[in-house]
Structures are given as C-alpha cells and as structure tokens.
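Participant: Listed here are the chains, written in short residue letters.
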Amino acid sequence: MTPLAHSKKIIFYVCIILILARLEVIHMPKEKSSERSIMVDEYEVRIGLLYTEEHEWVKVEDGKARVGVTDYAQKSLHEIVYVELPEEGIEVEQMKPMGTVESIKAVSEVYSPVSGRVIKINERLRDSPELVNKSPYDEGWIAVIEPSNLDEELKRLLTPEQYADLLRKIIKK
Amino acid sequence: MRRTVLFSFHEKYGRIGEYAGYEMPLWYKGVISEHMAVRERAGVFDTSHMGRLLIKGPQAADLLNYVSTNNHSQLEVMKAQHAFFCNSNGGVIDDFLAFKLAQNEFFLVVNAINHEKDVEWIRRNMRSFDAVLSDLTEKVSMMAVQGPLSPDALREIFGDRVVEIKHMWSSWFSLDGVKILISRTGYTGEDGFELYLFEEEERKTLDLWNAILEAGREFGIEPCGLAARDTLRLEAGFCLYGNELDEETTPIEAGLRFGVKFDDREFIGKEALLRQVREGVKKIRVGLRMTERGIPRKGMSILKNGREIGYVTSGTLSPLLKVGIAMGYVSPEYSRVGERVEISIRGRLAKAEIVKFPFYDKRRYGRKRRTNL
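Here the protein sequences line up with chains A and B, keeping their order. Going left to right, the first sequence walks through residues 1 to 173 as my numbering numbers them. Going left to right, the second sequence walks through residues 1 to 373 as my numbering numbers them.
Looking at chain B on its own, in the form it has when it is part of the complex:
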C-alpha cells in the first residue's frame, strides 16, 4: 500500500481508507461538514495519489494529438484542457487534464487508478514520435484548495498574482525554494486551485499544507478527505473514472464532447466517436434526483413503467440538497430533463426524475455563483 507525503497528517487527524492502492484520508471531522466547507468557504485536499506525467520533445504535441481526443497543438502555453485516451472503439482508457508548460512540454494529471495503464498506453503508441514520457508521480506532490474563499486563503501566501490566474490557466510560483505550479482548476464545481510542488521535499509539502490551513483559518478552511471530494464532484455533475467512465463508455455517451476535437488530425478512436456523433448513441449520461426517500447507489437499475432503461453509476445523499442524487446511463429516449423514472433500491421502486447538471442552483453555488446573493 502506498502513502502520500502528507500521510502523517492524515493518520493523526483523519479516518484512513484505501483508494487506488493508496492509504488516503476518507474524512477528518466528517464528510458533511467538509463538503459544506467547500461549498460555503474553503477546503484543502491531498490529491497526491493522482498520476502526474510529463511529455517532452519536438513532437510532444503530435504524440498527444494522436493518443488522445483533444488537439494539443492549439493549446496556449500555461493553459490546461481536458482530453481522453480512447481505445479504437472510442471507449475511455482514461480522462485527464493536460497543461502546456512550454511549446514542447506537456504536464498530464491522470487518474490514480489508471496511472500505470496510461503509461503503458502512451508507450505502446509512441511510434516514431520524437518525444519522451516521464512519470513524475513520485517526484511532484499535489494538493487542491477549493471553495469560494480559496482565493483569499492563497492570496495570503502567494500574493495577488495567484488570484489573477483565470479558470483553466496556470502560473509558476516559488516558495521556500520550491517551484510550484498553480492552476485555477478543480473537481468540486467551486472556484479553486490545484498546486503542484516540483522537486519536492516531503517536509516542504507538509509545510505548505500547514501554511494553507493557517492562512485559511480565518476563512473557516477545512482539510477534506476523499469522501467529500466524491460528493462534491457528484453534485457538480463531474464524472469519476470507474463509475461514469470506463473502456465500454465513450466521451460522447458521457456528454463530454468538449474534450473531443474532430479536425484534420488522426487520433485513436476517432472513427468510432464520429460514428456516434452522426448516428447517435445507445446510452447517455443523465443526472437523477430522487422525488421519494431513498439513496440511489452505484449498480442500481433505472426503470420506466417497470422496464429497465438504464443503471446508476454514482449515487449519494447530497449533503447540500439533503436529497438522494445520482448519475447514470439511460436509453436516449428517456434522457429528457423532467422525465420521471424509478430506481430499484434493494427491490423497492423509488421515484426519481431526470435533472440537468449541476444538481445545485448555479446562481447560489459553484464557480459562477452570483456572490452578492
């Protein structure tokens, strides 16, 4: 079992659980209070279990353009974008975030559970591309600071420049001799940042973690575990690999067209994905909100008039809305917002309706909230 450099903190203050081969904090005080801290104030997450890869070389962009669904040549330096590694059927091998650090240098953040599979996939499709792949997972640590007050907390450490970073952009900072890449990105639906410590020493990661908690204290910042990370992303309508995404599901079915660029270039899975765009899909990802008591969970069936029309991929009680919410796949004819369906909860048919993402009111919560409401 692997541990991140912040394990000593997690062990002292949190409940530890296993995820993707790592001993990670599930929660500290509790998933509900941590979830609400991020929706209302700020929270900090250890995300060092995620995979971090570097692709460098004259043809780094060409390689990425071929093995993934997005066009990385057009990406501006210091900007980030989402993309997928797909197999030839369009099934998702992994979804990731790619940062263009320099014209010939890309920094990829991939899912912990797919980390090794991704490395193998890229190497297998290297062909004659003039590029070098290196695995920085052990060398770079990572944390996320999320929530409407996260800019205020980070401003105290990094100054005004950190607040000027725009959504999906990144910038370099230096602190105590450590190079830190900070991006305005996240997985909670809220405004927030992700921090990557290059050339890290264990102590310096813990120092920064503690500095953020200290700087955020007046804003009510909380350390948050993986449980809150999952409920936050679910409320925001974000996919989790292994739940909404797998090798039998395409980005088109998942409703993630924004990570797929159909242009002149060839990429693995292009034909299959284009066919789905032209001919339609057999299943499509939807949001579900319970209109009856009960908490939907992964694997439960979705029914319409007693007939099975789909399945749940993630479900929880929404800590914010206090109602059961879920994501799942249904036949497209039942995917209309407002469609009434049933979820089979251990044999009981509980009523639910199809809703749009995110699950919360965008005017009151999330990155685009109207702050004066």
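Next up, chain A with everything else stripped away, as it sits in the complex:
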C-alpha cells in the first residue's frame, strides 16, 4: 500500500467515526455538554457529573472535586431547612458520611463521593439551606474536596446514564 493510499484510508475511517459521532451512534465528549441534562420524570440528571447510588454528584474541575446532592435528593426531602456542613480541612472517605441535608421532618446523610480533604465549603448554605432546593447542581453545592485517590475512585461512580437508570428503577417501585 502506498503512503498516500494509507492516509486516504485513515481519513476515510476518521470521517466514518465523525459521522457516527454526529449521529450519536458512538459517544464522544462534546463542548458545553455540562449545559445538557437528562430528565427522568421530574428529576434532572446533569451530563458532565458523576453520581453515587446515595444521590450525591461530583464534578471534577482542575483535579478538585466539587460535590453536592442531586435534584432527586432535594425533591425527595422537599423543603430543606438545614445543612450540616463538613468542617474545612477534615479528611473524608469515599461513601462515608460528610454531613447532612435536613428537612423539617427528615435527615439525609451526605456521603462523600470521593476520598480526600475538604478544602472549601459552601458557607451560603448556613443561612440559605434552601439553595439546595433551588439549585442543587450549581449554587447548592456543598463542598470542594482535594481528592487523594481520584482516578481509582471515579471508576466506582455512576455515569449520568447509569444514574438516570437508577432513578428510573426507583420511580417504578
């Protein structure tokens, strides 16, 4: 095979892949994908985040992990009146409690999606816990963690599609 024919072949396959990606037959990461979400019934699942089975989300930004609770979690609790935040500087372990989100009648533990050190907490939640209801994926974030074992632990989390499937199962019950 001549070098030209070889590169033509490569270009051909690249084109096929791009077309399939365009048609969403194969999944390719897209720009601005965090703007998009999956709706499961009334519950929003954001693309670009990873999830726990206990309804926390984590967003990795510059090697740091921002965590919060999902739209499903806040809607199940309904009116959130209190958030027990972790203390800055403490070490947390993956899937161990790091705080609570509470309504008048119920307490829900917040499990840390990743292990590491809490480097920032959302102080606004002290006086405005309802931000978790209003904006669970943005203003209602709970803490930022400096992860200690990120690559390994991310594998144990759910992709948006897997989390959406989990919600579908929960809703069916």
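These are computed hints drawn from the structure, not numbers from a lab. Among the hints, erroneous ones may be present.
[Claimed, not checked] Straight-line Cα separation of at most 25 Å, DSS-like style, residue types lysine-lysine; simulated pairs:
hint, chain 1, residue 1, chain 2, residue 2
1, B, Lys12, A, Lys172
2, B, Lys29, A, Lys134
3, A, Lys75, A, Lys134
4, A, Lys75, A, Lys173
5, A, Lys134, B, Lys322
6, A, Lys173, B, Lys12
7, A, Lys75, B, Lys298
8, B, Lys351, B, Lys283
9, A, Lys120, A, Lys155
10, B, Lys298, B, Lys283
11, B, Lys29, A, Lys172
12, A, Lys120, A, Lys64
[Stated by the list, open to error] What the simulated footprint calls covered on chain A by chain B, stretch by stretch (three residues with Cβ under 8 Å from a Cβ of chain B suffice, anywhere in the stretch; the number is not a length):
hint, stretch
13, 77 to 90
14, 104 to 114
[Claimed, not checked] Derived list of chain B stretches under chain A, where covered just means 3 residues or more per stretch with a C-beta under 8 Å from a C-beta of chain A:
hint, stretch
15, 22 to 31
16, 315 to 323
The beta carbon of each residue, even a glycine, is placed where N, CA and C say it ideally should be.
Assemble chain B onto chain A, guided by the hints.
Facilitator: Relative to chain A, chain B alone:
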C-alpha cells in the same frame, strides 16, 4: 395498607406517606406553610386514621374508671377529658380522649398505632362490667379544623352555635342528613375543632372537607398533612405515643398528672402511679431549645458535663421559631427550666437549654393568645 375516605383528595394534592398502616398525606404545599397557616389562620386535617371506639351500657363509666386513669363518672355529658390506659406498672398502653355522649355512653378517640391493642386491652379487662365495646373506626370519619380563624370558617357552615362550644366540650350538628359531633379540641395548641361524621357516606365526608376549604378560603385556610400535625403538637408541648409515651413510661413521668385521678376507685396501675407521686420519678419529660445550630432528633443523647442524663423523644426545627426544639426525658435533677445541657448530634455536642411548654410565646400564639396583640 389502609386508606381514609379522603384518600382521593390526598393523592391528587399531597405527598403520600405511610403512618400506622394508613396511606396518609404528609404534606400538600409544604410542612412550613401548612404549619404557619394553622398558627396564623386556619388549617384542616384528615384524622380518620385515628381509632374511634364506643363504650355503652349501665356500667360503661365503671369499666372506663377501672381500665383507665381518669374518673369518667364525674364527667359531664357532652364534655371530653384526657385519660390513659396504663399497665400495672403505670406504663402507658395508650392515651386517649373520652367524650361522654350520654350518661351510659362514651366515645373514645385513641391513637391509630394503638387502636387494636386498646380494643384487646379493654376486652381483656371487661370482667363482669355490664357494658359493650364497639369499634366505630370504619363507620365514623374524622377531621380537625385548627387555627385562630377556624371558628370563622366553621361558623359559615354550622352557624353561631358552633362558635359557642367551649374548650373540651362538644355538640351535635346535622348537615345534609349526616349526624356530626363537633368538639372544641385539638392537637396543635391553637383554638380549633374536631369533627366526627357518624353514619358517614364517603361522599359526604369529602363534601364536608371541600365545604370547609371553601368556607375557609377567605381566611386563608390550608389542607394540612401529618408532618405539620407533628410539628404543631411538638411546638405546643403535646406528647405523641411512640415518642414521649410508651409502656415503659408513666403519665407522671410525662408530666400529665391532669389525666390521672387518684380517688377511692381502683384502676389498673394506680399503685405504681401513686408510688411515683409519693417517692418521685427517675426521669421526667422536658422541653429543650437549641442555643446552637443543629436540629435535635428522636433517639439522640442529652448530656451534662459530658455525662449522659437523658434522651430525645421528638425533635424538629420549629417552623415558627426557626430554631431546633425537642422533647425528651432527663434525670429530675437536671429538669429545672434554664438548665444548660448538650445534645449529641451525630457525635457533635450542641448546646441546648431546658425550657417550659409550650415553646412559643403564649401571649402571641396558641389558644390563649391575646388576639389584639
């Protein structure tokens, strides 16, 4: 799972949860707005999950005098009073409200979770008393209209006579062919009424429910769920069976002496209760108010200088006061109002102080508020 006759309304407008084997509304719009509607205006609750019993016969009062802690012979006709079924140790089997409908006829409203246990308890202690117990729970439906404007709402349906009913009294009404017993009672601390539809048809209960919502619309009435019912009773300092009351706790320890009459008559648990009155108790019910952030919850420990002195039986964030409040039991030496204690909230010691009931300012809220304030 059981449902009340108003379930179709609850399912349409509310969030459903399970309580005492019933599918009940936890809230409609939200517990906070429903709670505040009752403190400031009016709210209506479906309470048909509660047990309703009738004891009838020449010795109905004697039977009740023996199986419960209060004296029902002295009760005036159409009046209501609180009482307890206690075991021989004085432990509470149930707390209930008894209405004397006629000289030989008592209508009892008991807790949903204890309903069957109560029936069995009464039957087991029937002895030779000439009285008949019947269970009206399925035949009589029940709702509560509570809040400072509840008299105005009910006046539109039942006329002035309903407003004249005094606290802890009841009266018969007739509406659309249904016999309705209305009492000036409740479980929120506010002025209010409880309505019992005898010989009910499902449709008529729903009709009355809708009529109350309609009549109360101009007063800002809200349908309220069990969540608000619980926070309202907690703020008022009322006990909930399964939390503050159980078979290991006596009415004396719970501070409910008013439901216990020590007189010449014999009643089950009398000796044990008398002993506690004479010799004192080892635990006593108190109110706790957080002086630090945090919401106390059932089962948490109460500490003084690092030593455990008691436990929380109910706790919440008070929708009215916006602070964590709780009820619990502590050793009597720490029960003084103003005593500073700590509550262990998932390992963190949060400061609280012992306060008196109710938790709110009685001049501004509750049945005895000064209306012009």
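Participant: If a hint holds in the structure, say so; if it does not, say that too.
Facilitator: Structure-based check of each hint:
1. Note on B/Lys12 and A/Lys172: the hinted pairing holds, with a Cα-Cα distance of about 19 Å set against a maximum of 25 Å.
2. Among the hinted pairs, B/Lys29 with A/Lys134 is consistent with the structure: their alpha-carbon atoms are about 16 Å apart, no more than 25 Å.
3. Under the criterion of a C-alpha separation no larger than 25 Å, the hint pairing A/Lys75 with A/Lys134 is consistent with the structure, at around 10 Å.
4. Between A/Lys75 and A/Lys173, the direct Cα distance comes to roughly 17 Å. Compliance with the 25 Å bound is thereby established for this hinted pair.
5. For the suggested pair A/Lys134 and B/Lys322, the alpha carbons sit about 20 Å apart, so the restraint of at most 25 Å is met.
6. Our distance criterion of 25 Å between C-alpha atoms is met by A/Lys173 and B/Lys12, whose separation comes to about 19 Å.
7. Taking the CA atoms of A/Lys75 and B/Lys298, the gap is about 23 Å. The hint holds against a cut of 25 Å.
8. With a C-alpha separation of about 20 Å, the suggested pair B/Lys351 and B/Lys283 falls inside the 25 Å cut-off, and the hint holds.
9. Simply put, A/Lys120 and A/Lys155 have alpha-carbon atoms about 24 Å apart, close enough for the 25 Å limit, and the pair holds.
10. Note on B/Lys298 and B/Lys283: the hinted pairing holds, with a Cα-Cα distance of about 16 Å set against a maximum of 25 Å.
11. For the given pair, B/Lys29 sits about 24 Å from A/Lys172 by alpha-carbon distance, which is consistent with the 25 Å threshold.
12. Proposed proximity of A/Lys120 and A/Lys64 is supported: the alpha carbons are some 10 Å apart, at most 25 Å.
13. For a cut-off of 8 Å, the count of residues in the stretch 77 to 90 of chain A with a CB near a CB of chain B stands at 5, and the three-residue condition holds.
14. Interface restraint, the stretch 104 to 114 of chain A with chain B: holds (3 residues with C-beta to C-beta distance below 8 Å; minimum three).
15. Counting residues of the stretch 22 to 31 of chain B whose C-beta sits closer than 8 Å to any C-beta of chain A gives 4, which meets the bar of three, so the coverage hint holds.
16. Using a Cβ-Cβ cut-off of 8 Å, 3 residues of the stretch 315 to 323 of chain B lie near chain A, which meets the minimum of three, so the contact claim holds.
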